[in-house]
Amino acid sequence: MTSKTVLHAKHLESGAKMVDFHGWEMPINYGSQIEEHHAVRQDAGMFDVSHMTIVDIKGDEAKPFLRKLVANDVEKLQVAGKALYTGMLNAEGGVIDDLIIYFFTETEYRLVVNSATREKDLAHIATVAADFKVEVTERPEIAMIAVQGPNAKEKTAQVLDADQQAAVEGMKPFFGVQAGDLFIATTGYTGEDGYEIAVHNDGAVELWQKLLDAGVAPAGLGARDTLRLEAGMNLYGQDMDETVSPLAANMAWTISWEPEDRDFIGRDVVAKQRAEKSTDKLVGLVLEAKGVLRAGSKVVVEGGEGVITSGTFSPTLGHSVALARVPRSTGDSAQVEMRKKLVDVKVVKPCFVRNGKSVI
Amino acid sequence: MSNIPSELKYASSHEWVRDEGDGTFTVGITEHAQELLGDMVFVDLPDVEDEVDAGEDCAVAESVKAASDIYAPIGGEVVAINEDLEDAPENVNSDPYGDGWLFRIKASDASELDNLLDAEGYQNSIDED
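So the sequence lines, in the order shown, correspond to chains Y and V.
Just remember that the numbering used here sits 644 ahead of the position in the first sequence, which is counted from 1.
Just remember that the numbering used here sits 166 ahead of the position in the second sequence, which is counted from 1.
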């Protein structure tokens, strides 16, 4: 039994090839995922991300609850609308999921978590919430459209009313604002400018059509994966999971260690790993020769080995890039086993493209 | 429904073969195969003058999704390769039976053609997948 988003028929209208994505029938591409990738890097593309799970947190203890639940500190959120990326850890210090938290008031927050992890996330959130005065409400009636690319904001502006345009005018990155029927956020998963727009299911088809009419190209999960990988953004279940420390997943920056007495779940274990420098690390790999680095391939480094967690052909760079988990001692070169041969690759920081340009 | 030209011969591993009438045969992959593979990013071709046997893996089509071996449908000498694919691998997607051709073989034993499928036989083999 697969679920369909409210935009399902619109995808078919645009010629989408649909695939099963963790129980959701989603567009993998609308013909060419490389063309869709370029549309996002060079102009404006949009993704149906309605399958993602939105959870609203309300209550007197919303803030202390979230300070327990996630590794980053919502205390940092002081301006209404400000968003925070973080991991939700288990007691063993593994990543249950990564998520974005939007701050409205100290008693009102919004979480956006992955769809593939929905059930375990909701179960974990409910368990932790039992000790706090909070109300946890899933919002399945809300659809989401991510509009991304250098021209995304300008094209989106054409479909907004005057009040909505005023509400998003000059909004900094990683903010969200409720503007009329839309919740519009300057977040994304591509390394480009743009919005993620939450809209009631009843209005989603109309919004999608207006964006199409404004010249925003529909883009599928295939392009979404190559875009996020070029941007060095993790995909849950591939680059990290419950058995992986955030320190081994390039998520150290999403952990807030101060104040020392904030006892978030998993803190003890990850603090010890941090002090002992005992985890592997996540790096970027660059293959300038022919061929494509693929997830699961063995990475050979001096004195040890690692594994590619995500690999792809980078349409922007014209060669292959990958994320790999390797021993902490890894230097600036490695070899990857490809089709039974060892091939030399460069080791770089795990970010390859930002705002349409190479950052290698 | 994908396009399967009736004048070509096919291997069940999704290569097509066109008789050029001069003892040479052009080889590519079918429209169905390129649809399965998705956007092509690299194509590794054999070298001209390579000798290949029928069924030997002699090229690699690497798409966004996977790297796939391409098998020589018949044996012989490689007499030409499609060098344009170096810069335009997407031709395999956009024109699999035309600009997306891969290589040309001078057959060492033309009777090997009889082992290949006709369009109807290939259609049936896809339907069974």
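No lab work stands behind these hints, which were simulated from the structure alone.
Keep in mind that this is a model prediction, so the values were computed, not measured.
Treat the hints with care, as some may be off.
As the list claims (entries may be wrong) - Cβ-Cβ distance ranges computed for the label pairs, FRET-style:
#1 Gly962(Y) with Asp265(V): 37 to 45 Å
#2 Asp912(Y) with Asp235(V): 46 to 54 Å
#3 Gln802(Y) with Asn281(V): 30 to 38 Å
#4 Glu215(V) with Lys942(Y): 48 to 56 Å
#5 Ala810(Y) with Val226(V): 30 to 38 Å
#6 Gly1000(Y) with Asp235(V): 31 to 39 Å
#7 Ser172(V) with Asp846(Y): 32 to 40 Å
Cβ coordinates follow ideal geometry from the N, Cα and C atoms, glycine included.
Verification of the supplied hints:
Checked against the hint of 37 to 45 Å, the pair Gly962(Y) and Asp265(V) fails, with Cβ atoms roughly 20 Å apart. Roughly 50 Å separates the CB atoms of Asp912(Y) and Asp235(V), a value that falls within the hinted 46 to 54 Å. A C-beta distance of roughly 59 Å is found between Gln802(Y) and Asn281(V), which places it outside the suggested range of 30 to 38 Å. Judged by the Cβ atoms, the range 48 to 56 Å given for Glu215(V) and Lys942(Y) is violated: they are separated by roughly 35 Å.
For Ala810(Y) and Val226(V), the hinted distance range of 30 to 38 Å is not satisfied, since their beta carbons lie about 55 Å from each other. Between Gly1000(Y) and Asp235(V) the beta carbon distance is about 35 Å. The supplied range of 31 to 39 Å therefore holds. A hinted range of 32 to 40 Å is violated for the C-beta pair Ser172(V) and Asp846(Y), which are about 50 Å apart.
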